[in-house]
Amino acid sequence: MGRAVSVATCALNQWALDFAGNLERIVRSIDIAKSRGARYRLGPELEICGYGCSDHYYESDTLLHSFQVLAKLLESPATQDIICDVGMPVLHRNVRYNCRVIFLNKKILLIRPKILLANAGNYRELRWFTPWSKARHVEEYFLPRIIQEVTGQETVPFGDAVLATKDTCLGAEICEELWAPNSPHIEMGLDGVEIFTNSSGSHHVLRKAHTRVDLVNSATAKNGGIYILANQKGCDGDRLYYDGCAMISMNGETVAQGSQFSLDDVEVLVATLDLEDVRSYRAEISSRNLAASKVNPYPRVKVNFALSCSDDVAVPTCMPVQWRHHSPEEEISLGPACWLWDYLRRSKQAGFLLPLSGGIDSSATACIVYSMCHQVCLAVKNGNADVLADVRKIVNDKTYVPEDPREFCKRIFTTCYMASENSSRDTCNRAKLLAEQIGSYHINLNIDAAVKAIVGIFSMVTGRTPCFSVYGGSSRENLALQNVQARIRMVLAYLFAQLTLWARGMPGGLLVLGSTNVDESLRGYLTKYDCSSADINPIGGISKTDLKNFIQYCIENFQLTALRSIMSAPPTAELEPLVDGHVAQTDEADMGMTYAELSIYGKLRKIAKAGPYSMFCKLINMWKEICTPREVASKVKHFFRMYSMNRHKMTTLTPSYHAENYSPDDNRFDLRPFLYNTSWSWQFRCIDKEVSAL
Numbered sequence: 001m002g003r004a005v006s007v008a009t010c011a012l013n014q015w016a017l018d019f020a021g022n023l024e025r026i027v028r029s030i031d032i033a034k035s036r037g038a039r040y041r042l043g044p045e046l047e048i049c050g051y052g053c054s055d056h057y058y059e060s061d062t063l064l065h066s067f068q069v070l071a072k073l074l075e076s077p078a079t080q081d082i083i084c085d086v087g088m089p090v091l092h093r094n095v096r097y098n099c100r101v102i103f104l105n106k107k108i109l110l111i112r113p114k115i116l117l118a119n120a121g122n123y124r125e126l127r128w129f130t131p132w133s134k135a136r137h138v139e140e141y142f143l144p145r146i147i148q149e150v151t152g153q154e155t156v157p158f159g160d161a162v163l164a165t166k167d168t169c170l171g172a173e174i175c176e177e178l179w180a181p182n183s184p185h186i187e188m189g190l191d192g193v194e195i196f197t198n199s200s201g202s203h204h205v206l207r208k209a210h211t212r213v214d215l216v217n218s219a220t221a222k223n224g225g226i227y228i229l230a231n232q233k234g235c236d237g238d239r240l241y242y243d244g245c246a247m248i249s250m251n252g253e254t255v256a257q258g259s260q261f262s263l264d265d266v267e268v269l270v271a272t273l274d275l276e277d278v279r280s281y282r283a284e285i286s287s288r289n290l291a292a293s294k295v296n297p298y299p300r301v302k303v304n305f306a307l308s309c310s311d312d313v314a315v316p317t318c319m320p321v322q323w324r325h326h327s328p329e330e331e332i333s334l335g336p337a338c339w340l341w342d343y344l345r346r347s348k349q350a351g352f353l354l355p356l357s358g359g360i361d362s363s364a365t366a367c368i369v370y371s372m373c374h375q376v377c378l379a380v381k382n383g384n385a386d387v388l389a390d391v392r393k394i395v396n397d398k399t400y401v402p403e404d405p406r407e408f409c410k411r412i413f414t415t416c417y418m419a420s421e422n423s424s425r426d427t428c429n430r431a432k433l434l435a436e437q438i439g440s441y442h443i444n445l446n447i448d449a450a451v452k453a454i455v456g457i458f459s460m461v462t463g464r465t466p467c468f469s470v471y472g473g474s475s476r477e478n479l480a481l482q483n484v485q486a487r488i489r490m491v492l493a494y495l496f497a498q499l500t501l502w503a504r505g506m507p508g509g510l511l512v513l514g515s516t517n518v519d520e521s522l523r524g525y526l527t528k529y530d531c532s533s534a535d536i537n538p539i540g541g542i543s544k545t546d547l548k549n550f551i552q553y554c555i556e557n558f559q560l561t562a563l564r565s566i567m568s569a570p571p572t573a574e575l576e577p578l579v580d581g582h583v584a585q586t587d588e589a590d591m592g593m594t595y596a597e598l599s600i601y602g603k604l605r606k607i608a609k610a611g612p613y614s615m616f617c618k619l620i621n622m623w624k625e626i627c628t629p630r631e632v633a634s635k636v637k638h639f640f641r642m643y644s645m646n647r648h649k650m651t652t653l654t655p656s657y658h659a660e661n662y663s664p665d666d667n668r669f670d671l672r673p674f675l676y677n678t679s680w681s682w683q684f685r686c687i688d689k690e691v692s693a694l
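Positions 1 to 694 (the UniProt record's numbering) are the ones given, in order, by the sequence shown.
Please keep in mind that the hints were generated in silico from the structure rather than gathered at the bench. Where a beta carbon is used, it is the ideal one built from N, C-alpha and C, also for glycine. Mixed in with the good hints, there may be bad ones.
The list that follows gives simulated cross-link-like pairs (lysine to any residue, SDA-like), each with its CA atoms no further than 20 Å apart [what the hints assert, rightly or not]:
| # | residue 1 | residue 2 |
| --- | --- | --- |
| 1 | LYS398 | ASP386 |
| 2 | LYS107 | LEU143 |
| 3 | LYS107 | HIS92 |
| 4 | LYS381 | GLN349 |
| 5 | LYS689 | PRO629 |
| 6 | LYS72 | LYS134 |
| 7 | LYS624 | ALA569 |
| 8 | LYS689 | THR628 |
| 9 | LYS410 | ALA503 |
| 10 | LYS134 | GLY237 |
| 11 | LYS432 | ILE443 |
| 12 | LYS222 | SER286 |
| 13 | LYS637 | TRP680 |
| 14 | LYS222 | ARG282 |
| 15 | LYS393 | ARG504 |
| 16 | LYS107 | LYS134 |
| 17 | LYS603 | GLN585 |
| 18 | LYS34 | ASP18 |
| 19 | LYS618 | ARG641 |
| 20 | LYS348 | GLY237 |
| 21 | LYS72 | GLY192 |
| 22 | LYS72 | VAL150 |
| 23 | LYS393 | HIS374 |
| 24 | LYS689 | ASN621 |
| 25 | LYS208 | THR254 |
| 26 | LYS393 | GLY508 |
| 27 | LYS222 | SER293 |
| 28 | LYS452 | GLN437 |
| 29 | LYS107 | GLY359 |
| 30 | LYS603 | TRP623 |
| 31 | LYS134 | LYS106 |
| 32 | LYS106 | LEU378 |
| 33 | LYS452 | GLY473 |
| 34 | LYS107 | THR254 |
| 35 | LYS348 | ASP535 |
| 36 | LYS548 | LEU560 |
Here are the computed distance ranges between Cβ atoms for each label pair [claimed, not checked]:
| # | residue 1 | residue 2 | range |
| --- | --- | --- | --- |
| 37 | ALA589 | PRO320 | 22 to 32 Å |
| 38 | LYS134 | ASN105 | 20 to 30 Å |
| 39 | THR628 | LEU215 | 11 to 21 Å |
| 40 | GLU59 | LEU499 | 47 to 57 Å |
Starting from the given sequences, assemble the full structure and let the hints guide the process.
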């Protein structure tokens with residue numbers, strides 16, 4: 001009969017506009033799929049050009065080069081005798097669509113445009129694409145000559161259709177369509193589609209993976225069927241890390257799971273599944289069968305090809321597996337580390353420089369780099385030739401093999417403690433000890449001479465010398481003197497990043513890493529153009545609470561004992577004078593709120609879409625055991641004053657790894673004004689009215 005179908009999905013580390021590299025990875029994935037017996041191969045969303053092309057989608061070049069790559073794929077011997085499903089932008093009747101192009105043996109079977117576009121959070125697909133709104137409708141698409149010359153076809157079907165092979169029926173979804181309440185797989189399943197495919201460009205967010213897995217499994221639990229999901233992986237040119245997790249599910253259970261974080265550019269999953277299991281599963285769901293009898297049928301594109309063999313009774317099929325989810329601490333250890341690796345190798349720099357203060361944030365950043373070194377050594381040990389080739393380019397040594405993470409860290413990671421007269425001996429020692437334990441090349445320097453020179457210029461011009469508040473200065477003087485120190489550190493960080501390797505007789509430059517967490521950015525507790533200003537920031541989307549848990553994870557898993565004293569020390573900027581040789585300044589006292597409170601404010605502001613009044617209404621219930629309504633009102637007002645006063649800093653925020661859905665990143669995720677009426681007069685009056693009533 002032909003029951004056992006062999007299908008493949010993949011996670012590819014594509015790169016926006018890297019057409020040559022993208023082509024090579026697509027072909028490699030098809031080769032692997034065929035070698036493992038697959039008869040159908042699914043790839044990620046927009047894999048030919050890379051998902052993150054953004055406004056490059058407007059350019060005709062992007063369309064042209066995508067078709068050139070498609071022509072290469074059609075001509076390739078690798079794509080023969082396997083149905084290939086690839087993603088690219090297509091212009092149909094002068095309208096741009098996000099499409100799947102499905103082909104077999106040099107013939108395009110169907111171009112399926114995306115029906116439901118992602119247009120929230122980090123996604124702006126409606127800016128570049130139009131959704132296909134003609135349900136179950138197919139039109140003729142006139143192929144460009146470059147494709148006609150390969151396929152011999154003048155036109156091909158374009159629209160909302162499904163494929164009918166000799167043995168089964170396949171229907172395509174694209175990313176967002178799985179997440180929508182009216183997902184196409186519902187109606188397709190009722191119309192007899194047995195295999196659903198989903199090509200995704202889904203990025204990592206802490207604690208999100210289980211949601212994607214649950215959606216896939218629930219899609220086939222209710223309706224029966226086989227669901228195949230492909231996803232992009234890696235950093236394809238911006239703040240997002242696409243986290244793989246390719247998977248295959250049948251009748252509500254996962255049968256194949258891909259990795260969420262790895263340095264492999266190409267990962268392929270193949271599963272052999274029994275179509276009769278789908279049919280028998282559906283047969284006993286009477287409600288489904290009643291709905292199926294009334295469904296409006298999809299146009300079917302007939303394909304003279306089978307995903308199974310005629311004599312397959314003895315072919316073994318895949319069994320369900322238990323999905324293993326990473327803990328949030330593991331996600332922080334692996335996701336930003338893989339993102340940093342992609343950024344480093346693709347930027348062609350020689351390593352990283354981090355201003356290491358001895359506090360939790362910069363220490364967590366250092367630990368992520370150390371985790372990256374672990375992942376690189378492990379990948380090389382496991383035979384990853386791509387990673388080894390990249391390592392040798394980075395260290396400029398054609399024979400080098402990274403075996404020890406500490407030794408590799410020494411080559412590519414420089415840490416720098418920038419002391420001032422306000423720095424304590426404790427933080428200096430903590431930074432030095434951590435650097436020794438992870439193996440970084442560590443520099444100690446003192447910025448006092450530079451600070452005095454800058455302040456001296458001001459005094460010479462104005463005839464006035466500012467003082468810290470502990471010496472009788474005003475709050476303006478106090479803040480300005482703190483900011484001078486912070487900004488000098490940024491200037492020195494870039495100087496050392498450019499010239500440290502030169503001074504050591506080594507080629508190349510270093511990327512400067514920032515280490516401001518998501519909560520400090522939200523509050524604006526940072527100096528504009530200080531060490532928060534860097535090339536990239538791996539922890540900019542992670543909360544202080546999660547970073548503390550990650551530090552504990554590193555103590556236990558990397559045996560970094562230096563982190564114990566860092567964990568126990570109160571967070572401090574060390575920008576004000578010491579008192580009796582000890583730090584008197586602490587972050588939470590400076591901010592007027594705790595980091596735990598900041599996380600709550602952030603989630604209410606962004607995820608719950610709460611303004612000042614709504615936030616107050618929610619918090620009087622959340623905090624009724626610990627705060628009076630008047631205290632809640634005071635806290636909410638203080639947060640919104642500080643947030644709005646400092647919002648302008650988000651316009652220059654260092655590009656940060658996106659990990660939290662309450663990120664204040666102004667670039668594309670959190671679009672707000674940066675000049676506010678910081679008195680919030682109407683909103684605060686509404687709060688005061690409720691406080692009086694309560």
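Verification of the hints:
{"no.": "1", "hint": "LYS398 <-> ASP386", "verdict": "holds, 13 Å"}
{"no.": "2", "hint": "LYS107 <-> LEU143", "verdict": "holds, 11 Å"}
{"no.": "3", "hint": "LYS107 <-> HIS92", "verdict": "holds, 19 Å"}
{"no.": "4", "hint": "LYS381 <-> GLN349", "verdict": "violated, 23 Å"}
{"no.": "5", "hint": "LYS689 <-> PRO629", "verdict": "holds, 11 Å"}
{"no.": "6", "hint": "LYS72 <-> LYS134", "verdict": "violated, 31 Å"}
{"no.": "7", "hint": "LYS624 <-> ALA569", "verdict": "violated, 30 Å"}
{"no.": "8", "hint": "LYS689 <-> THR628", "verdict": "holds, 15 Å"}
{"no.": "9", "hint": "LYS410 <-> ALA503", "verdict": "holds, 15 Å"}
{"no.": "10", "hint": "LYS134 <-> GLY237", "verdict": "violated, 33 Å"}
{"no.": "11", "hint": "LYS432 <-> ILE443", "verdict": "holds, 9 Å"}
{"no.": "12", "hint": "LYS222 <-> SER286", "verdict": "holds, 11 Å"}
{"no.": "13", "hint": "LYS637 <-> TRP680", "verdict": "holds, 8 Å"}
{"no.": "14", "hint": "LYS222 <-> ARG282", "verdict": "holds, 9 Å"}
{"no.": "15", "hint": "LYS393 <-> ARG504", "verdict": "holds, 18 Å"}
{"no.": "16", "hint": "LYS107 <-> LYS134", "verdict": "violated, 24 Å"}
{"no.": "17", "hint": "LYS603 <-> GLN585", "verdict": "violated, 27 Å"}
{"no.": "18", "hint": "LYS34 <-> ASP18", "verdict": "violated, 24 Å"}
{"no.": "19", "hint": "LYS618 <-> ARG641", "verdict": "holds, 18 Å"}
{"no.": "20", "hint": "LYS348 <-> GLY237", "verdict": "holds, 13 Å"}
{"no.": "21", "hint": "LYS72 <-> GLY192", "verdict": "violated, 34 Å"}
{"no.": "22", "hint": "LYS72 <-> VAL150", "verdict": "holds, 9 Å"}
{"no.": "23", "hint": "LYS393 <-> HIS374", "verdict": "holds, 18 Å"}
{"no.": "24", "hint": "LYS689 <-> ASN621", "verdict": "holds, 17 Å"}
{"no.": "25", "hint": "LYS208 <-> THR254", "verdict": "holds, 17 Å"}
{"no.": "26", "hint": "LYS393 <-> GLY508", "verdict": "holds, 11 Å"}
{"no.": "27", "hint": "LYS222 <-> SER293", "verdict": "holds, 16 Å"}
{"no.": "28", "hint": "LYS452 <-> GLN437", "verdict": "violated, 34 Å"}
{"no.": "29", "hint": "LYS107 <-> GLY359", "verdict": "violated, 60 Å"}
{"no.": "30", "hint": "LYS603 <-> TRP623", "verdict": "holds, 15 Å"}
{"no.": "31", "hint": "LYS134 <-> LYS106", "verdict": "violated, 28 Å"}
{"no.": "32", "hint": "LYS106 <-> LEU378", "verdict": "violated, 40 Å"}
{"no.": "33", "hint": "LYS452 <-> GLY473", "verdict": "holds, 17 Å"}
{"no.": "34", "hint": "LYS107 <-> THR254", "verdict": "violated, 32 Å"}
{"no.": "35", "hint": "LYS348 <-> ASP535", "verdict": "holds, 14 Å"}
{"no.": "36", "hint": "LYS548 <-> LEU560", "verdict": "holds, 14 Å"}
{"no.": "37", "hint": "ALA589 <-> PRO320: 22 to 32 Å", "verdict": "violated, 53 Å"}
{"no.": "38", "hint": "LYS134 <-> ASN105: 20 to 30 Å", "verdict": "holds, 28 Å"}
{"no.": "39", "hint": "THR628 <-> LEU215: 11 to 21 Å", "verdict": "violated, 42 Å"}
{"no.": "40", "hint": "GLU59 <-> LEU499: 47 to 57 Å", "verdict": "violated, 37 Å"}
Violation of the numbered hints given earlier is confined to hints 4, 6, 7, 10, 16, 17, 18, 21, 28, 29, 31, 32, 34, 37, 39 and 40; the remaining hints are satisfied by the structure.
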